[in-house]
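Chemist: Residue-level listing of the chains:
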Amino acid sequence: ELKVEQNPLFLSMQEGKNYTIYCNYSTTSDRLYWYRQDPGKSLESLFVLLSNGAVKQEGRLMASLDTKARLSTLHITAAVHDLSATYFCAGVREKLIFGQGTELSVKP
Amino acid sequence: GAGVSQTPSNKVTEKGKYVELRCDPISGHTALYWYRQSLGQGPEFLIYFQGTGAADDSGLPNDRFFAVRPEGSVSTLKIQRTERGDSAVYLCASSLGTSSYNEQFFGPGTRLTVL
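Those protein sequences? They're chains A and B, same order as listed.
So that you can map any letter, position 59 of the first sequence is 59 in the working numbering, and since no number is skipped, the others follow by simple counting.
So that you can map any letter, position 113 of the second sequence is 113 in the working numbering, and since no number is skipped, the others follow by simple counting.
Here chain B stands alone, though its shape is the one from the complex:
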């Protein structure tokens, strides 16, 4: 079956602009995670959803970042007033549930470049 998909694969924007990054999880996966990977670093947790609700948003760096999952499937990560430091690869993952015993499956990522 289809894996996790993310769109766009690449996004170039100018400082101060607003961007939306989309994640389509594996069908039937109730848990969805967003991570951010800066150049030369390991992925860092941003937020995860169980169903429609954000169960843990402790990794969001500031209030310019927001994520939604209105119908418990597709999720959108929204970044306002982008800054150059937001440039990174944004990875989405999904799993059957939020238990640590459910493996997370990663999408291909969206590479965001803020000029």
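Looking at chain A on its own, in the form it has when it is part of the complex:
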């Protein structure tokens, strides 16, 4: 059974700083997704990681996948307030299995 764990669950950052969110999963996942969720809103797809060593970047966010370690990371570079949201990773075996989410707060 696929299980997904994220850490940290809460992250308070200062603007301009860098940080990484970690996503571990327990068994083979066909893909790895990262989503953003703003309060009261639905899920916005950020990245789809397809294979070992995959790296994708969009603005200040970069996601990577190590299938051997069953680990994905979401790296935030020079955080800005607009990045404040909850971030979820999810593995997939037909259905999506989500981590608990990381609530990110970026303060000036």
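Just so you know, these hints were derived from the structure itself, not from any lab.
Hints should not be assumed to be uniformly reliable.
[Unchecked claim] Simulated restraints on C-beta separations: (1) 59/B <-> 5/A: 12 to 20 Å; (2) 107/A <-> 55/B: 26 to 34 Å; (3) 115/B <-> 68/A: 44 to 52 Å; (4) 66/A <-> 39/B: 43 to 51 Å; (5) 44/A <-> 115/B: 27 to 35 Å; (6) 58/B <-> 60/A: 32 to 40 Å; (7) 14/B <-> 66/A: 24 to 32 Å; (8) 57/B <-> 58/A: 30 to 38 Å; (9) 45/A <-> 64/B: 28 to 36 Å; (10) 68/A <-> 57/B: 32 to 40 Å; (11) 45/A <-> 72/B: 40 to 48 Å; (12) 41/A <-> 20/B: 20 to 28 Å; (13) 45/A <-> 40/B: 20 to 28 Å.
[What the hints assert, rightly or not] With a cut-off of at most 25 Å between alpha-carbon atoms, the simulated DMTMM-like pairs for lysine to aspartate or glutamate come out as follows: (14) 15/B <-> 71/B; (15) 78/B <-> 94/A; (16) 11/B <-> 38/A.
From the three backbone atoms N, C-alpha and C, an ideal C-beta is built for every residue, glycine too.
Go by the hints and put chain B onto chain A.
Modeler: For chain B alone, kept in the frame of chain A given last:
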């Protein structure tokens, strides 16, 4: 084109009542998924359909929950004898097929509050 739509956006009901939540998938998407997101948690899988049939309903918490998709398009999630613990956001997603390689697209969700 239109994305996944869900109605109502908010539903407040009393304990013990029956509710129906509707999902309209993206046109042409044969797979449809229901997830439930409790406050402060990640979404949890409930059920998914391929066409009209439920391919996997292992996430439904108990027999008060039931979902249908009679014509292979719109789906309705039905909850009988609602309990306060059913309060959550119910998310629907659709994809071109049930393969893990088809991305799921999410609707805006229905926020259910059971008083």
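Chemist: Hint by hint, note whether the structure agrees.
Modeler: Do the hints match the structure? See the list:
The hinted window of 12 to 20 Å between residue 59/B and residue 5/A holds, with their beta carbons roughly 19 Å apart. Range check, residue 107/A to residue 55/B: Cβ separation about 45 Å, and the 26 to 34 Å hint is violated. One distance hint, 44 to 52 Å for the beta-carbon pair residue 115/B and residue 68/A, holds here, with the actual separation near 49 Å. A hinted range of 43 to 51 Å is violated for the C-beta pair residue 66/A and residue 39/B, which are about 32 Å apart.
The beta-carbon spacing between residue 44/A and residue 115/B, approximately 30 Å, falls within the hinted interval of 27 to 35 Å. Range check, residue 58/B to residue 60/A: about 38 Å between beta-carbon atoms, so the 32 to 40 Å window is met. Our hint of 24 to 32 Å for residue 14/B and residue 66/A is violated, since their Cβ atoms are close to 49 Å apart. For residue 57/B and residue 58/A, the Cβ-Cβ distance of about 35 Å falls inside the hinted range of 30 to 38 Å, so the restraint holds.
At roughly 31 Å, the beta-carbon separation of residue 45/A and residue 64/B lies within the given 28 to 36 Å, and the hint holds. A beta carbon spacing of about 33 Å between residue 68/A and residue 57/B agrees with the range 32 to 40 Å that was offered as a hint. A hinted range of 40 to 48 Å for the beta carbons of residue 45/A and residue 72/B is inconsistent with their spacing of about 24 Å. Distance hint for residue 41/A and residue 20/B: a CB-CB separation of about 23 Å, consistent with the stated range 20 to 28 Å.
Restraint check, residue 45/A to residue 40/B: a C-beta distance of roughly 21 Å satisfies the suggested window 20 to 28 Å. Taken as a hint, the residue 15/B and residue 71/B pair is broken in the structure, with Cα atoms around 31 Å apart against an allowance of 25 Å. Note on residue 78/B and residue 94/A: the hinted pairing holds, with a Cα-Cα distance of about 23 Å set against a maximum of 25 Å. Simply put, residue 11/B and residue 38/A have alpha-carbon atoms about 20 Å apart, close enough for the 25 Å limit, and the pair holds.
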